[in-house]
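Number of protein chains: 2
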Amino acid sequence: MEECWTYSRAGVDRRALSELHEIARLLVGRRPRILMGPGGYAGIVKEKGQLIALHIDGVGTKVLLAKTKEDFKTIGIDAVAMNVNDIICVGARPVAVVDYITLSRPMPDIVEAILSGVIKACRESGAELVGGETAILPDLFASEQAVDVAAACIGLVSKRMLLPKPLKPGDILVGLPSNGLHANGFSLVRRLLLREKSYNLDDFVGVLGRKLRDELMRPTRIYVKQILGLIREGLRPKAIAHITGGGFLKCRRIAGKGISLHFDSLPEPPTIFKLIMNEGNISFEEMYSTFNMGVGMVLVFAPRIAESAVSWLRKRTDVWVVGRVEKGSGIYVNGRLIGK
Amino acid sequence: MEECWTYSRAGVDRRALSELHEIARLLVGRRPRILMGPGGYAGIVKEKGQLIALHIDGVGTKVLLAKTKEDFKTIGIDAVAMNVNDIICVGARPVAVVDYITLSRPMPDIVEAILSGVIKACRESGAELVGGETAILPDLFASEQAVDVAAACIGLVSKRMLLPKPLKPGDILVGLPSNGLHANGFSLVRRLLLREKSYNLDDFVGVLGRKLRDELMRPTRIYVKQILGLIREGLRPKAIAHITGGGFLKCRRIAGKGISLHFDSLPEPPTIFKLIMNEGNISFEEMYSTFNMGVGMVLVFAPRIAESAVSWLRKRTDVWVVGRVEKGSGIYVNGRLIGK
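As given, the protein sequences belong to chains F and G, one line each in that order. For reference, each letter of the first sequence is one residue, going 615 to 954 in my numbering. For reference, each letter of the second sequence is one residue, going 615 to 954 in my numbering.
Source of the hints: derived by calculation from the structure; they are not laboratory data. Treat the hints loosely; a few may be bogus.
The list cannot tell twin chains apart, which means a pair is met if one copy fits it or any two copies do.
[Unchecked claim] Calculated cross-link-like contacts (lysine to aspartate or glutamate; reagent style DMTMM-like; alpha-carbon spacing at most 20 angstroms):
(1) 660 / 829
(2) 839 / 661
(3) 825 / 758
(4) 683 / 636
(5) 660 / 738
(6) 779 / 684
(7) 941 / 847
(8) 734 / 636
(9) 954 / 817
(10) 839 / 810
(11) 683 / 633
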């Protein structure tokens, strides 16, 4: 029987990674000026009564698939999207961004394409690109074409707006659609589809109705405007989870003690996820703890405003009621435990 | 005759690099909320009357030399130092930091060592480590041991404190000592000393009085406390230049139109710089436009406070009056034009 693929087999051991992420949290400890420290969606520091959120994130190995100018523009969008979608999860409004691009040699066309995406995504998020670092790092990368792209973002938040709020049984889980894989799980996708299954990025894939490249290189959707819009309408979510690396396990950040999240009416996953699942003989649990499965953002609403929030959102985007909050612990999808 | 080494021959073409850096400045253009945009020591955004500085920077290929825990701790210090020393150049007080570490595989000991350096440097700068990203990026790096380390930093600044102020002929250039190479010029050093001249990092080098590794892995000195101390004393510099990539060319950022900077009493460069210069048959101009040459920070003072500032600094550190501001244009070292 064919071996099951996992993210770990693709070189990214989730457990080892979360142990790495734990190191900073332990080393930093509690500090009076830190309102939110390492391990959340963004750090928050308190300075003269003002709360400033700061976050940094990269696009991972999605960039290894980029070839055309349009691809690199997507990478730039992704770098900002990964930051602003995270920072909005703590209730902060994105304000300014800096980019970090490292290359093995000067490739001005690639840098320009990335930056055009960075700026497009900044504008869409209401943030300003105020600087960045572009560094040539000879001998670091495996390929002459290699690029790594990250960004950092600051946001402002008032104490009243700070998220997540504590969840209660009966709260409603609402999902917003992703635009494909976004920028997560690419080490698995590359090694499984491109290396083991010999897909070619420029193959037209019948079930997808498009070239594999066009599917994989879709830019990460940015949710900032819709979420700020909700807040302005007085329809503030109690918590927001950006579904990125770790898939639905990311929701552990918002669950809190004594609370379990039950996703029992998620939409049918888009075809690309089914293709990956079938080709890699990947388990249901592994899929939902690696990929977004078509849901890029999970919002939690108190029951009394859930209906108004969903109908406000429905005028602007696809939106689904995807589950509910209960007592207990763990993240469940269709009754199956994804993670504690 | 032996060919002269340049930074460009080592894979880092300064002109190409500054063209890359120019791209963001041109793409962003003027924006009402941006007080300082791409191309300076830090970006500054204006939000509800508050000025927030944001910066991002990495340690470059110095990390390729790191082997021991102590080395990686140094890399962590460097990542923060490169940021806080830059952000203080715009008059901003560092407040919070996030780190960005990418690895080819999980290496918890290395991550912990880097973070211990990051936190040490944060404490020394009065900033809090509030988060970060540690990402496993399989297939990106040339070596299984490879790591890239960067950080981003925010700082607060009042409009009154904003630097640089316009310089005037007669202003005094003051230098603070570096702690060796800091984190710049390492692609040249690696390719010249280690590859071409076959030095071994663990060789004891007589003229240095220590192992080459111990010389090269000295952590970047952090100047934040001393500069904030000066400001508190009412001895505010008119401009500050952190001497990093591009060496003394970095001073172009503070010179302004119609102003030339004349460094005519710089201290004797530390031995490591002479060793590099001799081994690579490197020109004087190339050395001063690649390395810090023993001076990590240049402060510019109005003549009326220069003496008090120098004597305040002298109680705390080595300090030199290294030159003066004149009419004209260009950066001069010992009468030789380094750059326009």
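| query | For which of the previously enumerated hints does the structure constitute a violation, in increasing order of number? | reply | As far as the earlier hints go, 1, 3, 6, 7, 9, 10 are violated by this structure, in ascending order.
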